[in-house]
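Novice: These are the residues of each chain, in order.
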Amino acid sequence: MKKMLITALAIIGLLASAAAAAPARKMIQIKGSDTMVNLVQILAEEYMSLNPAAAMAVIGGGSGTGVTGLINKTCDIANHSREWKPKEMDQAWEKGVSPRFFVIAVDGLSIIVNGKNPLEKLTMAQVGALYRGEIKNWKMLGGPDKAVSLYGRQSNSGTYTFMQEHVLVNKNYSTDMKEMNGSAQIIESILQDEGAVGYVGVGYLYDKDGKIRSGLKILNISKEPNGQAYSPLDKEAVDTKKYPVARPLYQAVNGRPSGEIARFLMWETGPEGQKIVEREGFYTIGGDYQAQNEKNFK
Amino acid sequence: MDKKQKWIPALVFGALALTAAGLMAQTAATPTQTFNAAVYFDYRYYLSNAGPVTLKPTDPTTAYLSNQFVFRRAYFTYENKISDNLKFRFRLDADNTANVTGVTVSGTTVTTKTDDKLRPFIKHLYLEWSNFLVKDLTLRVGMIETLTFKLSEERWGYRSVAKTLVDGYKDITSTDIKSSSADIGVSLGTSLSKYIRVNGMVSNGAAYSHAENDQYKKFSANVQIIPIAGFSVVGYVDYERLLPKTTYPAETKPAAETCKVDVLFDKIKGLTLGGEWFVYKNDLYQTSSYVKYDVSGWSAFGRCNLIPDKLNAFARYDSYLPNSEDTAKDMSLTILGLDWAPIHSSLKIQPNIWFYHYKDGTQYKSTATSNSDVAFNMTFFLAF
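From first to last, the protein sequence lines are chains A and B. So for the first sequence, our numbering puts the first residue at 529; every next one is plus one. So for the second sequence, our numbering puts the first residue at 19; every next one is plus one.
To be clear, the hints were calculated from the coordinates, so they are not data collected in a lab. Ideal Cβ positions, reconstructed from N, Cα and C, are used throughout, including at glycine. Treat the hints with caution; some may be incorrect.
What the hints assert, rightly or not - 30 Å max Cα-Cα, derived DSS-like pairs, lysine-lysine:
id	chain 1	residue 1	chain 2	residue 2
1	B	Lys74	A	Lys601
2	B	Lys263	A	Lys613
3	A	Lys615	B	Lys377
4	A	Lys601	A	Lys674
Stated by the list, open to error - Computed footprint of chain A on chain B, listed as stretches where at least three residues anywhere in the stretch have a Cβ under 8 Å from a Cβ of chain A:
id	region
5	244 to 251
6	284 to 297
To be verified - If we take Cβ atoms under 10 Å as the criterion, some of the chain A residues that face chain B in the derived model are:
id	residue
7	Lys554
8	Lys623
9	Ser759
10	Lys763
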């Protein structure tokens with residue numbers, strides 16, 4: 529029996545040492561928001577090229593996936609384009625996770641239509657009514673006599689939740705809305721559909737050459753019915769929150785960041801990282817967010 | 019059903035009716051549907067041959083299952099998120115203990131022959147209604163997960179290797195403490211603050227394997243207190259009236275109840291610790307001289323991450339005290355193992371060793387000549 533026991537323990541030991549022989553370099557796992565996935569992938573690649581000892585893997589799946597990953601300790605950094613829900617904060621408490629939040633960019637969430645749509649602007653209330661299914665024809669908004677086709681994101685997307693909370697005033701989306709898996713799919717659908725309306729992060733509006741994609745129209749949005757409408761491409765309007773659908777893009781970590789994670793976050797929120805944020809079509813973070821980030825580093 | 023119990027279903031269905039109109043008035047986004055499967059099987063090898071489990075038969079014509087492949091479990095789960103507040107879950111489970119009685123080819127004669135094929139059965143079939151009546155109140159209706167050991171099973175994390183103490187008690191000791199992971203009924207749960215969560219459930223008590231078999235319902239409840247982040251204490255109780263038995267004429271209104279306490283610690287990154295203690299009281303559990311006895315046990319377990327996403331180690335110690343009147347049946351089980359994901363988290367290889375120790379092995383098998391058993395399992399876990 530002793531012999532057999534030794535054999536079994538040897539097998540376990542062998543497996544342990546085989547796994548232990550895996551690369552010692554710790555891979556930082558970053559998971560979450562699809563709006564942020566391209567931006568963070570570029571940031572991570574740039575950071576790794578400057579710091580060859582760093583190893584990072586960035587995947588999407590939606591803000592909800594990232595938040596769950598951080599709570600279940602299956603990722604090191606969660607990307608999220610909405611704030612955490614109270615239920616998620618409770619789950620984190622239960623699992624011993626103390627999230628700290630860092631704003632790495634600002635997004636002007638853009639309401640887009642097909643280029644042939646003659647409308648130029650909408651109010652927040654009108655966008656909400658469209659997505660709740662209360663306005664079914666563009667004629668009701670002074671547009672052409674054409675049925676409205678709604679395009680949005682799936683429910684684990686932070687953008688879906690942000691729109692629901694801030695634009696639909698916590699009401700449910702219309703059952704007619706087509707739930708797309710990513711912003712790129714929304715854009716492709718809108719290019720094909722003259723009656724379409726959709727919402728995407730501002731970084732997705734640009735093509736490879738840094739120009740607004742042809743065939744798309746970006747609507748100006750006003751807070752009030754008679755108020756001034758602003759474009760999500762207007763940095764000042766986004767910074768001053770005059771553009772009403774602007775939002776911060778966050779990264780969350782468990783506890784006070786340290787080591788490579790802290791260095792990466794500092795680099796992202798510093799001048800080099802912010803330069804890339806701007807290059808990719810998103811907006812740099814202002815003084816308020818910088819101060820908030822600094823507080824969370826301590 | 020007792021008079022006391024009659025108002026409970028009425029209240030539940032009344033509340034359902036009240037909120038149904040509100041829910042129907044809501045519009046819903048396109049349903050999100052997911053399918054997933056989890057499968058685990060073992061290669062088992064006995065490392066001893068004289069204890070009650072691993073005893074080698076003296077008769078060479080008797081099979082000795084000292085090494086075997088065991089296909090233990092296959093789950094197939096379909097979930098449909100109908101709206102932000104409504105979710106439907108359908109889970110099929112299959113194992114080779116779910117045998118059915120055979121039928122002859124003619125279809126007329128029912129035989130008692132069974133086989134060991136993996137047979138699917140319904141494990142979960144329920145509707146989950148979030149924000150039911152008030153914010154943060156969750157209602158589940160149908161064949162739902164019980165409250166008994168869900169939290170400790172989550173923290174133990176290795177259902178593929180072993181059931182938790184209460185769940186696996188009958189398998190290990192042959193003493194039935196009538197606990198189950200799923201049952202037909204209704205449950206309500208809410209979070210009172212980040213520090214306190216409460217859940218209550220009314221169910222048949224016959225579990226998922228049987229239809230209701232008496233007029234009584236099982237009532238269960240738990241309270242989870244989380245005083246500091248990552249540290250939980252969970253108190254659980256259940257109660258069910260039982261049918262009297264002629265064997266125990268003094269017990270005109272017998273009942274069974276379980277009290278259980280879980281302590282869960284999840285604060286340190288890469289380390290999870292937990293423990294559970296329970297006592298089961300059943301008025302019909304009596305010695306031949308009509309002395310009632312309790313069944314109890316405790317367990318402590320831990321798992322730690324050695325290499326992120328690759329390798330974890332786990333250990334568990336269970337103490338089984340089948341009854342307070344016969345301590346010669348005391349036994350313990352120690353499980354040690356590794357959890358290795360060589361390629362992807364969808365495939366895990368979990369080598370593990372089980373050490374059984376009995377106060378008196380002959381209490382479990384009269385012919386046993388050793389008070390210990392040792393078994394090695396190479397567990398394969400697949401999820402997709």
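Novice: Flag every earlier hint the structure violates by its number, smallest first.
Specialist: Hint check: 1, 2, 3, 4, 9 and 10 fail, others pass.
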